[in-house]
Each structure stands twice: as C-alpha cells, then as structure tokens.
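Residue numbers (our numbering), protein chains in the order written: chain A, 3 to 386; chain B, 67 to 203.
Because the hints were derived from the structure by calculation, they are not lab data. Errors might be hidden in some of the hints.
Stated by the list, open to error - Here are the computed lysine-lysine pairs in the DSSO-like style, where the Cα-Cα straight-line distance is at most 27 Å: (1) K202/B <-> K362/A; (2) K314/A <-> K101/B; (3) K233/A <-> K202/B; (4) K82/B <-> K45/A; (5) K202/B <-> K253/A; (6) K99/B <-> K303/A; (7) K5/A <-> K229/A; (8) K314/A <-> K253/A; (9) K233/A <-> K94/B; (10) K195/B <-> K253/A.
Predicted model, so just to flag it, every value in this text is computed and none were measured.
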Amino acid sequence: MPKDVAIVGAGQSAFVRGCAMAVRELCFEAFTEAMDGLKIGAKDIDGSIVCSAPEYDKQRSPSGVIAEYLNLIPKPTMYVETVCSSSTTGLRVAYSLIKAGLHQVVAVIGFQKMSELSSRDAAERMGRGGDIVWESPFGLTMPAGYAMYARAHMATYGTTEEQMAKIRVKNSSYGSMNTKAVYRKVLTLEEIMQSEYVTSPFKKFDCCANADGASCIILASRDVAAKFTDKPVWIMGLGAATDSTSMSGRKLLTGLLSAQDAAKQAYKMAGVGPDDIDVAEVHDCFTISEILAYEDLGFAKPGEGPRLIEEKQTYVEGKIPVNVDGGLLSKGHPIGATGGSQLRTIFKQLRGEAGNIQVKDPKIGLVHNIGGVGIYGNVIILGR
Amino acid sequence: MGFEKFGTVSFTAETKAADFISFLEKGKVEATKCKKCGRIYFPPRMQCADDLSSDVEWIDLSDSGKLLTYTTVQYGPTGFENDAPYTLAVVEFNNGVRVFGRLDKGLPPAEIKVGMQVKAEPLKLPGDKISYQFVKA
C-alpha cells in the first residue's frame, strides 16, 4: 500500500444548533483538537485549505480570515467547494499538493454555520440546490431528490420504509454515545415510523438535521509524518467522480453513479476490495443514502443493502461496521465540516482511540462523502 | 429574455433555449437534438457537448413515457410555501429521454404508481407563468 501522505491529526467542534460563536472561533475548536498531541505548532503547517458551501456564508472569501485566526499566515491558503463533500475534496487537493512536493504539511479546515442565515433565507438557498434553470422552478429540494432515489429503490427491489427506519435506529443508538452529536436521543422503530412525512417516502426521522460545526484534518508527507506523530494514518486510496446536477440527466436512480465510480478508483489505488474494509463512515444524509452506500461501495450487491441492516451486519459487532459514531443522522450535517468529521472518526478508529464505539482492531477504514444529491462522490481509503 | 416565465419560481431570464417557452405556449413540450450526431438533450440545450456543434433542432416529446420515480413534497422552499403538497417525478420517454417535472395535481395519490404511463403537457400558471406537468396517458 502507498505510504506517501498521512493524516497526522484530526479534530472537530461539537456539532450544535445555533452556535454562539463566530465561524473563526468554531474552526479554532476543530483545529485545537487536531493539533492535540502533535509535536508541531501552527508554524510547521505550510498551507491550508478551507472548505464550506459558500451560499450559507456571510463572510466573503473565508479562507483568509480563518488562516489568520489560526496563525497559518503568511503561508498560502485557498478555498474548495463541492457542497456537502467539500472537506473531502479539500483532502484530495491537500494530498495532491503534498504528492507534488509543493507542501509538506497541510491543514484542511471545513466549516458551516448554517444558523448564520434566518430559516427563511436557508429555505431560499434550499430551493437553489438543483439545476436553477430547469429544475428549481418546480420546487425541487435536496430531500426530494434523495426521496426519488428511495422510491425507485423500493419499486425496483422491494425495499421498505421500515428497513430505512432501521438505519436510523442503528445510528441513533450510536449517536447517543457521541458527545459531539447534535441529536443524542435514542429513537425506536415505532417513533421513526410514526413521524410525519416530509417528502414521501421520507418521514421526519429519515432526514438528518442542519447543524453548525467545524472539522480539521492535518496531512503530512511521508518524509515528515514521523516527526509529528507515532501513529500516522495513511491515505491508501482516493476516488472522486461527478454525476449530472439535473435529475433528468441521471442514468441510474437506484444507486449513485458518482459514488460507484469513486469507490472503484479508491479500491484500485489502495489495492483492496470491499471485503477488506474493517470500518466505514458513509454519507447518511437520509436513511436511504446509507443503504445506497452499502451497495455503491460493494458491501452488498445491488438491491441487497437492506439485508445488511436487517441482519445488523453494520453494527459495531457486525461484518462491516458503518457510521458507528451516529452518522450524519445523529451528528448533524454542517455541510462543509461533514467530510472532515467522517475522516476524524476513521482516524480515531484506526488508532484504537474510538472509546465505547471502538471496532475490534481495524486495519483499513473507508470514508464515503457525497455532495448534493449524488452530484459529487468522494471515497477515501485509510490504513495504519 | 422570456425564460423568466418558466416555472413557479424562476431564477434566470436568459438562455439560448428560451424558445422552450414559445413551444409550451403553443401546447408542445420539446427536447433538442444535435443535427450532427443525433444526441437528444433534455433539459434542452442549443450547444452539443459531444461535437461542440450549435446546429441543433427542436423535437417533440409528444409520445408517452413511463414514471420511474416520484416524491410528494410537504414543505416547499421559498416561493413554494403555499404550493405544497406537490409531486415531483422523473419520467422516461419511449425515445430513452428522461425528464424531470411535476405530476398533475389532480391525480389521486392512490393512482400514482411507478411504471404507469404518462404524457407531458404544458401547464399555465398564475401571473403569466408557464410550465409543464405529467398527466396520465
């Protein structure tokens, strides 16, 4: 396996609703945790990448302000965006900068303060997530886009609303143990099934919540990683792909082609397959999204994703533990921070530092982070 | 200009494909086809990505298609608050073209089934706006 670029530090703020901090202060919390235990200071970081979904930001060009606040100037900083997958796209750019030899140590900082906008303004942004020329004029929203995947999966494979609800049962049980999660309540199957419809077949508890939060990942080249930590986590494989923004352009409605493409690339680069993955974080913005991820990543054959959750194979004790930190469904989804939070969970798992959600001795972990309704797909494979 | 008439809330007034509106006003829902390579586009576009040609023609989507998926939205974004509930859908036409749009609001929920045959037809909206919807074929 390639050992060229390592993650040496990973942190996140608590994900909360209506955070009483400025964006830069939120980022400071994530940065502080990422730096904890490292034998370096901010002066050793020679570049930074800042990631968010800009339509929620008040600050124009946030990278400069954040780099200044974290003492990362005068080193270069830049901004990267692919909506909900922004911070794993940031990781991809950071990896490239290090591999190219331009940088040795790069911090990837993701954030979103969704409460910066009024709920009225947020609803207006929500209507512009799709193709604004041809599809937003119909009132398309992100939940509606994923709901159409859920309906197609149900019609094609007989997937049920109860099977989707079981994803939330699992994730809420783990979310209750995650002190950084916005939603800590354990939900029963009945509570989920009885919640009101938002966009059929999704009910309230099939959907993740907005949140404010930040994440930070610190990457280092092979040459210097050992100077910073005794327990580097190596980037073994990276995959990224893009699908049409318009729903009319989608060739598949029972899986995300962007995720399938990205997974193939990442497995190939890492020289491993789905059976080699010991623990995974997938983009469960909705319950169906986790089922689609099981299939798109090859943990299950097309149509057989629901069986994995029925058999509890994705619990900590199962064949392939998935989202045992509560996932987006429990943690909340501060758009630009989400990918970094997923990476942080796998980083801790592979170092044996995941506490009461620790999977037994994992060697290889996977992160699946999706932007928009499957527009952008990022898959990252990490190893010890 | 002219494209600001499209849909319940429009976000852009200008596109080379604005003739889509004139066709809707004449009762037709149209896609475009590249005259050079034959690729059909929906959403319509006047510039073919395959061979970078602008020699493109309009074609009719008058045949019927199959409902591939749908969702009934209970909470609309800004501008759609009083419009919900409404049903969004993706339909595959017999020529293979997939089209996103809305299902006829008059269709009883119990009759909506994946696989059902539908047709696209123009739909006049309040305030001189226009769109299209899928009705039972």
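Do the hints match the structure? See the list:
Restraint check for K202/B and K362/A: not satisfied, since their Cα atoms lie roughly 55 Å apart, outside the 27 Å limit. A C-alpha spacing of about 54 Å is found between K314/A and K101/B, which places the hinted pair above 27 Å, so the restraint is violated. With a C-alpha separation of about 62 Å, the suggested pairing of K233/A with K202/B is violated against the 27 Å cut-off. At roughly 51 Å between alpha-carbon atoms, K82/B and K45/A are farther apart than 27 Å, so this suggested pair is violated.
This hinted pair checks out: K202/B and K253/A have alpha carbons roughly 23 Å apart, not beyond 27 Å. For the proposed pair K99/B and K303/A, the alpha carbon gap of about 36 Å is over 27 Å, so the pair is violated. Of the pairs offered as hints, the one joining K5/A and K229/A holds, with about 15 Å between alpha carbons and a cut-off of 27 Å not exceeded. Note on K314/A and K253/A: the hinted pairing is violated, with a Cα-Cα distance of about 31 Å set against a maximum of 27 Å.
For the proposed pair K233/A and K94/B, the alpha carbon gap of about 64 Å is over 27 Å, so the pair is violated. Taking the CA atoms of K195/B and K253/A, the gap is about 30 Å. The hint is violated against a cut of 27 Å.
In the structure shown, a violation is registered for the earlier hints numbered 1, 2, 3, 4, 6, 8, 9, 10, in ascending order.
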